[in-house]
Amino acid sequence: MPSLLDSHAHCFTEAHLDDATKGAFAPGERPPAYTLREHLDGMLAAAPTSTSTEKDDDEIVVVNVAFSALPTSQHVIDSFDELTRLQTLYGSRYSRVKCVLGTCRADEPTARTLLANNPLIIGARVFLKGV
1 MPSLLDSHAH CFTEAHLDDA TKGAFAPGER PPAYTLREHL DGMLAAAPTS
51 TSTEKDDDEI VVVNVAFSAL PTSQHVIDSF DELTRLQTLY GSRYSRVKCV
101 LGTCRADEPT ARTLLANNPL IIGARVFLKG V
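Residue numbering for the sequence shown follows this note's numbering, beginning at 1 and increasing consecutively.
Wrong hints could be hidden among the right ones.
DEER-style ranges, computed between Cβ atoms [as the list claims (entries may be wrong)]:
no., residue 1, residue 2, range
1, 91, 26, 38 to 46 Å
2, 18, 38, 14 to 22 Å
3, 33, 107, 38 to 46 Å
4, 98, 27, 38 to 46 Å
What the hints contain is simulated information worked out from the structure, not anything from laboratory work. Note that CB positions come from ideal geometry on N, CA and C, so glycine has one too.
Work out the full structure, taking the sequences as your base and the hints as a guide.
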C-alpha cells in the first residue's frame, strides 16, 4: 500500500499558544495556530487522486512534532484526540490517516505512556528540552 509521508509538522491551537510561558515569543512573532485538520487538508489536497475505478487507499503518515516554544507537549497529545474526532465526524475523508509518529518532551508526565499505548501511533520519539 502506498503511503504519503509528511516530514515535520507542529499542530497547535490558539489555546496552546495562550498556555506558552510569558516571553516565549518576541512581540509580533507569535505564530498563527495550525491545527491537525489544516495540516491533513493540505496533505489530502496534495495527494494524488485516483480514477473512479480506484480507491483512495494510500496511507497518510503524519510526523507530529512537539513545538519547543510551548511549555509542554500537550498539543501533540491533543492532536491525536483531534484525529479521532475528525475520523468520527467525517469518516471517509480522514480514514486514510492510519499512522502517526509522535514526538514529545521526555519530562512530560504522561506523554511516554500515551505515545506507547495509542493505536494511532506507529512510532514515538522523546527529547530533552535544552539539551
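What hints, given by number in increasing order, does this structure fail? Number 3 only.
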